[in-house]
Amino acid sequence: MLGVVRRLVSQAFPQRLRPRPQAIQRRSASQAVNQMLQLQQMDMCADPPSRGLVVGVFADETDRNDAGVLTAAGWRYNVQKTAGRLLQNRIPVPSLDLYARKDEVCDLEGWRIGLQKAAAQNLTRQLQEMPSNLLTPTAFAQNVVEVLCKSGVNVEVKVEGWAESQSMHAFLAVGKASCEPPIFLELTYYGTCAEERPIVLVGQGVTYDAGGLCLKEKHELFHMRGDMTGAAVVVACCRAVAGLRLPVNIRGLIPLCENVVGCNSVRTGDMVKSMNGKTIEIQCTDHEDVLVLADALLYAQNFCPKSSTPACIPGRSDVQNYGIDRGGRPCKAAAFLREFVPCGQWMYIDATNVMVTKGFEYEYLRKGMAGRPTRTLVEFIAQTICKDTAPRLAK
Numbered sequence: 001m002l003g004v005v006r007r008l009v010s011q012a013f014p015q016r017l018r019p020r021p022q023a024i025q026r027r028s029a030s031q032a033v034n035q036m037l038q039l040q041q042m043d044m045c046a047d048p049p050s051r052g053l054v055v056g057v058f059a060d061e062t063d064r065n066d067a068g069v070l071t072a073a074g075w076r077y078n079v080q081k082t083a084g085r086l087l088q089n090r091i092p093v094p095s096l097d098l099y100a101r102k103d104e105v106c107d108l109e110g111w112r113i114g115l116q117k118a119a120a121q122n123l124t125r126q127l128q129e130m131p132s133n134l135l136t137p138t139a140f141a142q143n144v145v146e147v148l149c150k151s152g153v154n155v156e157v158k159v160e161g162w163a164e165s166q167s168m169h170a171f172l173a174v175g176k177a178s179c180e181p182p183i184f185l186e187l188t189y190y191g192t193c194a195e196e197r198p199i200v201l202v203g204q205g206v207t208y209d210a211g212g213l214c215l216k217e218k219h220e221l222f223h224m225r226g227d228m229t230g231a232a233v234v235v236a237c238c239r240a241v242a243g244l245r246l247p248v249n250i251r252g253l254i255p256l257c258e259n260v261v262g263c264n265s266v267r268t269g270d271m272v273k274s275m276n277g278k279t280i281e282i283q284c285t286d287h288e289d290v291l292v293l294a295d296a297l298l299y300a301q302n303f304c305p306k307s308s309t310p311a312c313i314p315g316r317s318d319v320q321n322y323g324i325d326r327g328g329r330p331c332k333a334a335a336f337l338r339e340f341v342p343c344g345q346w347m348y349i350d351a352t353n354v355m356v357t358k359g360f361e362y363e364y365l366r367k368g369m370a371g372r373p374t375r376t377l378v379e380f381i382a383q384t385i386c387k388d389t390a391p392r393l394a395k
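Count the sequence shown with full-length UniProt numbering and you get residues 1 to 395, in order.
Derived from the structure by calculation, the hints contain no laboratory data.
As the structure is a prediction and not an experimental result, all values here were calculated from the model.
Where is the CB? At the ideal position from N, CA and C, for every residue including glycine.
Careful: at least some of the hints might be erroneous.
Have a look at the derived ranges for each label pair, beta carbon to beta carbon [as the list claims (entries may be wrong)]: (1) S167 / G359: 25 to 31 Å; (2) M271 / Q383: 38 to 44 Å; (3) K306 / K367: 36 to 42 Å.
With a straight-line cut-off of 27 Å between C-alpha atoms, the simulated DSSO-like cross-links for lysine-lysine are [as the list claims (entries may be wrong)]: (4) K306 / K218; (5) K158 / K176; (6) K332 / K306; (7) K216 / K306; (8) K150 / K176; (9) K332 / K278; (10) K367 / K218; (11) K367 / K306; (12) K176 / K216; (13) K306 / K176; (14) K332 / K176; (15) K158 / K273; (16) K273 / K332; (17) K218 / K176; (18) K216 / K367; (19) K218 / K332; (20) K358 / K158; (21) K158 / K278; (22) K278 / K176; (23) K216 / K273.
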């Protein structure tokens, strides 16, 4: 891979813009690309970049993950950078091209798959990084329509009245205190015959989570604009599956709302009913994610999914949304949601500890929102289709 960067440096950049040799010899390719982008930014401060930056990668020295790594390394969140003086802070996001000599075998398909998966991860990061005042439930729905409809994914936007008619009282209870109305998104992609049972992806879409009356601490609130990571991952996965034209049917369910403090806030000790009639005692308003997902999982059974187990817990209510001990929250969430998955196979993925990166866990991810586990989920979907397809999609 170092050979790729050496050629990239020598051919794409003049002498004054080349990174120090240490960046090429001692660091990964993604770090070298980051430094080149910073140098490119410095050179263009007087003349704001308009032509963009093209990075050439040579096929003979490119391994299976380079497309994803380099695409993720070059991504920047520049949406809120304004014109004028601050325009110089916009680091150009490069486009990647694959080059091969006449006598080389070029794995163009593997490269294309890597780009699609990395683009999905960057879409997740884009949605995660957006400020919560600009990405309300309504704005999130508008973004999804713009992104997915041109990719061949059908998007249905269902409003609060529809949720009430479906008896989604657990979901509606979470967003009661917000002036932003809750929205339920249903995404549909047909990659094979319509009679084939779909894989259902359910993503929690709390666009800002203040914790409700169980208010979060100050240091926790900053990253809560990314509490809709589950929803963002579902959107990105649907676009990646459509872009790769995988022979699978996908249903994406995204309940969107805000969990804030207000006169109508749900209180600890309150009881709400889910779609299947089970009563839920709310012991902690900050554990709203399981309430939002419970009704969505029950609604998912309407599609007879390939992938979602019954039980009954006696007591004052059927279930409670908070465990006895403080630790093990992902395990408790999975145990709670199991009550709302009547039949079939299902899997719970918790993104709590992978939502944010400090910039040193993975060399190709900058400090901020990580966009994980988007690529993992796309790979999982690919491997459920066909054993022969999975190795190719891993590239």
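Hint-by-hint comparison with the structure:
1. S167 / G359: 25 to 31 Å: 45 Å Cβ-Cβ, so the 25 to 31 Å window is violated.
2. M271 / Q383: 38 to 44 Å: 41 Å, holds
3. K306 / K367: 36 to 42 Å: Roughly 37 Å apart at Cβ, these two residues keep to the hinted range, so it holds.
4. K306 / K218: 41 Å, violated
5. K158 / K176: 17 Å, holds
6. K332 / K306: Status holds; Cα separation ~24 Å.
7. K216 / K306: 37 Å, violated
8. K150 / K176: Roughly 33 Å separates the two Cα atoms, so the pair is violated.
9. K332 / K278: Within the cut-off at roughly 18 Å; holds.
10. K367 / K218: Holds. K367 to K218 sits at ~20 Å (cutoff 27 Å).
11. K367 / K306: Cα-Cα ~36 Å, so violated.
12. K176 / K216: 18 Å, holds
13. K306 / K176: The given pair, whose Cα atoms are some 33 Å apart, is violated under the 27 Å limit.
14. K332 / K176: It holds: about 24 Å lies between the C-alpha atoms, which stays within 27 Å.
15. K158 / K273: With Cα atoms ~20 Å apart, K158 and K273 stay inside 27 Å; holds.
16. K273 / K332: 19 Å, holds
17. K218 / K176: Distance ~23 Å between K218 and K176 Cα, so the pair holds.
18. K216 / K367: 22 Å, holds
19. K218 / K332: Holds, at about 24 Å.
20. K358 / K158: With Cα atoms ~36 Å apart, K358 and K158 exceed 27 Å; violated.
21. K158 / K278: Judged against 27 Å, a Cα distance of about 23 Å means the pair holds.
22. K278 / K176: 20 Å, holds
23. K216 / K273: Within the cut-off at roughly 25 Å; holds.
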